[in-house]
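One line per chain: the protein sequences are A and B, in this order. Counted the way the UniProt record's numbering counts, the first sequence spans residues 1 to 375. Counted the way the UniProt record's numbering counts, the second sequence spans residues 1 to 869.
Quick caveat, the hints were computed from the structure, so don't treat them as lab data. Source: prediction; values computed, not measured. Check each hint, because a few of them may be wrong.
[Stated by the list, open to error] As a list, the in silico EDC-like pairs of lysine to aspartate or glutamate whose alpha-carbon atoms are at most 16 Å apart:
#: 1; chain 1: B; residue 1: Lys223; chain 2: B; residue 2: Glu676
#: 2; chain 1: B; residue 1: Lys111; chain 2: A; residue 2: Glu324
#: 3; chain 1: B; residue 1: Lys2; chain 2: B; residue 2: Glu838
#: 4; chain 1: A; residue 1: Lys184; chain 2: A; residue 2: Asp148
#: 5; chain 1: B; residue 1: Lys58; chain 2: A; residue 2: Glu374
#: 6; chain 1: B; residue 1: Lys368; chain 2: B; residue 2: Glu535
Each chain, written out:
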Amino acid sequence: MTGFTFVHTSDLHLGKGFGQMPLELRGRLVEARHEVLERLVQVARDNNAGHILVAGDTFDTTGPSGQVRRQAATVMSGAAEIQWWIIPGNHDSLQAEELWNAFESEIGDNVHLLREAAPVEIEAGVFLLPAPLPRQFPGVDLTKWMVDAVTPDDALRIGLAHGGVVSFGEETDTSALIPPDRAKTARLDYLALGDWHGYLPVGGQTFYCGTPESDRFKHDGRGACLVVTLPESGALPEVMQVDTGRFEWTSIDMPLSPGGDAPAELERLLPQDRATRRDVLLQLHARGFLRMAERGSFDEALEQAEPDFARLILLDEALATEYEVDDLNQIATGGALRAAADELYAETQNDGLSAMDARVAQTALNRLWALVREG
Amino acid sequence: MKILAISLQNVRRFVDPVQIGGFGSGLNVLAAPNEHGKSTFFDALHAVFFVSHRSFDKVIKTLTPNVGGDPQVTVEFEADGARWKLEKCWSSAASRKDAKLWRDGNLVAQKSEAEDVLSGLLKPPSDGGPAGLLWVRQGVVDLESGGDEQKARRDIMTSVAGEVEAMTGGRRMETALAKCSEFLGQHLTATGKSAQNGGLKKCEVEVQGLHLRRDELAEDVRKLQGDLDRRRQVRRELEMLEAPEAHEERHQALERAVSGLRDAEEHDRKVQSGQDKLGRLEAQAEKADAKMAGLRNALREAEQAEEKASDTGKTVAQARGQRDEAQSLLDAAQTGFDEAVHLEEASAANLRLAHRVDRERSASKQRKTLGNRIETAEGLIKTLEKQQKALVAEVSTAVLQTLETLASDLSVATRSRDSAAASFAITYDEKSGGKVWRDGQVVQDGQRHVVTGQVHLDLDGIGRLEMSPPSDVDDRLVREAETALAKALAAAGVETLAAARGSHERFLKAEADLRVTQADLRAVAPGGIGALRDEFSELPPPVEVSGDVPDLQEAEQAETEARKKREAGSVVLEAARTKAQALREVLTRAEALAETAQERLTRAKAALAGYDNPAALLQTMETDAEGLVQEIAEARAVFEALKGNAPDLAAARAAEKRARSVVVSVEEKANALREERAGLDSRIAVVSSAAVEEELALVEEQLTDAQERLDRIRFDIAVYQRLDRALRAARDSARENYVAAVHKELVPLLRMIWPDAEPVIDAETGLITAITRRGKQEDFGVLSGGTQEQISLLVRLAFARILATDGRPAPVILDDAIVYTDDDRIEQMFNALTRQAEDLQIIVFSCRQRAFLGLGGTTLSISRNEDAA
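Make the full structure from the sequences, and use the hints.
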């Protein structure tokens, strides 16, 4: 055997609705998730890989619509030369009997749903040791059985599991954490893990591949899968990350301070190729201080840039406006307008006010500046 | 503030440094032809004060020379008691933007800090007035270049409005408020509620709808999860129930339970039989025992009755003897008692006789005493009657008081009459020896006589003198008093008052005697003589006593001894009677017991009458009973053995029942579970096909998005509401504070031009809308251009005065401000300017060199600034 190559993916979350997104974007995101199946097949073909291992969460819920389920089965089954090996994850555990029963009735012979924790020889001398999730929170380490799993000597042992080696968040079942050295203790040549939506190697033989189509700002970049080649039993795998995602989800931290050129800084941080911005969802964490006029310019620049993007979100809770007398002079040097501006300014400086009231006053003052400027 | 000098470089046509210096306190005039640069200085002056050095907006761009370069303006001024120098440079390059500020020759601030200090110096009043400089510019260029005169006039109004705007916010304020209202109107009703079809309402409805949908879906998912959980449980239970080994085990258990119950019931029947036999034997033994006991008792009763009858006969005989003896003693005691009674009666009769004699002696003594008292009392009564008669014959105290009163009345009446009457007195001459006679009596010498009636005096040797009393003397009262007194004396039986007084003294003595006699009588007969006589008559009549009269003391002693004897005899008699009675009762009881014993003996004998030989019979029965006891012991041993080995029948029955119910209930439960599983499968299939979980995830995300949008809208509403409140409050405050002040300052200025002029200021806009002259109101728009510009200038001057009054004097800077004003009127305007310039700095830029020669003040000129160059 000269090496065994396969594609490692997970967390497709087919059927995810993206309800928090604008309607027109929502459809594009949903569609992109479906299309990633084709892209995975293409990656397998491009890399002469005959197998795609899905490490859980193929579906976003235990009850996806029949349309989502059927169309996924159709795409998977359509690439007959590619073998799909699927374990249920916490989002689509084996508790979803109706889902998996229906799915099994709809898939072709090249698609394999792994319900049992038992070795499966997926190719001569290559054994897959799956750890399907029987329920959302299994409460135990489902990979433990792999230690005692019997396979022929010199066979390749590939573990396939879904869950954390560390706590990934509140929903992680800490009692079910997978030991980071599971590959070693179970003599695995590769442990393909899912659940973490970003790429994460855990030692030389254990990998999280990340989602093939990003769905949140937590992990920057587009989605990807891993093309893995196992040279021989006991050898370290060769792992290559291949982009598969269409949409890039990016969080940008943008510290700002008075005297700088906020519009220029913004333009510098944004993707330079305007054509690619259509598929970019960008979350801008603006923080620090801007003078009133600078804030106005910044807002204008954002307003200008926003239509280029699939979504451009400004998070400005940490961005305060800094006022100097000269700023208020730009509203009015005297009279009633100045009196109103002074009153609002005083509220922005009043520690006795609630944070919300102070923020309202600050925004009202900025708004007054903008209105006077427009007028 | 007072401006001292200004210099420019790279400002429009002034690429090289130029300056205007020598500004004075009052009027300052720069009169120069067009294109001389006046407006450039005007704009530069405005920019250096009010445009930030960081700015490079269109205002600064208009200052930039065509040949390029960074505009730079320096101004020197006085403010807050110090001399200041401000230098600003505007540039498109950030590094060249600059602002510097010197105070009294020392650099005190740069860049933003300099702007802040400057802003403080120009700070408007805290309640929102115009800033510290006032600007007047008019459309002179348009006119001079043959432009539109109407537009120029609008500019005049605009120019006026500019200052008002500085005060109330003006158009920019209205625009800002309109924007606020427009935004709020998109979301809220006039009362602040969500407007139908407004953005807020739509978003609220969307969120509400999503909440409802989310809850519905969550409930569906919850039910689905519940169904799934339940189905797993049902399956597990069914697997457990339907397992063959479990089925076999349940049936074997039932068979074991049935067999066990059968064995237990058979054994129980044996136990019951043994128990019945033992019962029968015990009953038989009990019956024999009862019969033996009866016979044994009858024999013992007959024996005891016989013995009792013998004993009671003896007791009766003994009691009867004792009773007879007691009766003899009783009879003797009765005889002794009777004798004592007779003796007591005799001594009592003797005692009564002795008492009667004693009482008669006492009554005789009392009759004698009472007879003496009655006799004394009768004597005193007679004396009393005499004394009373003597008392009546004398004048009593009351009568005497009446007489004394009448005598007093007479004396008063006489003195009264005599005081009114005439009187006379005769004084004899001893030598003459003659006398005067009245009614035959010599009238005594020196004695005064009252004449109350006709008086005739005979005078010896002279004749008769007749005197009459004065006609007004009234003697009637005297006569009436005399008559009353005389009648009273007669009634009292006396002739004079003196006699009456003597009689009254006797009356008092007789009265004292009478009281003594009455006291004596009361001592002898306290209750009166009648009571004495009654007491006497109640005494017993005298009694005749014949024979020996017993001594009372001896009779009493004899009677006492006889009574004691009788009492002692009575005690003895009672004791004998009691004893005799007690022995009679003893005898009666003994006789009754004897009778009862006899009856008992009769009954005992009757009970044994049916037996020929009761004792032999009893012996036979006792022998039979011993055999029966042995038989019972054997039967009991058998029963106890069976009972001790008996299985628990109730437990066996319960086990059988439980095993049977397990089989039945398992079957029933399995059937129920199969039905439930079918129902669950059906429900889960329906709900799963509806993809509720996927929809729930979608709706939750939609809800998050909608809620965020709603929060943003609410935040924006709060922002616009806050801004709206701040703007309205500031505008209302400015109007309230300044409209009246402007009117007050403007009126004297207007009247320097038009003596009776009265401005009409719109309270809403703060603008002058009309002017009243000679009783006629004229709208501002129909006034001539010259009049409009004059009014606008005067308004500025009024503002300047308000600032000066507020302690912040502001220079007034005029750039061709009165271009339309004719030569006659301009003199009056000069007067107005001169008046205000007394405490204000006024800087006038004008192209009308000749006309402004008459304004006076400090003449300014533009010169090259060699130092800067």
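Output the indices of the hints that this structure fails to meet, ascending. Violated hints: none at all, because every hint is consistent with the structure.
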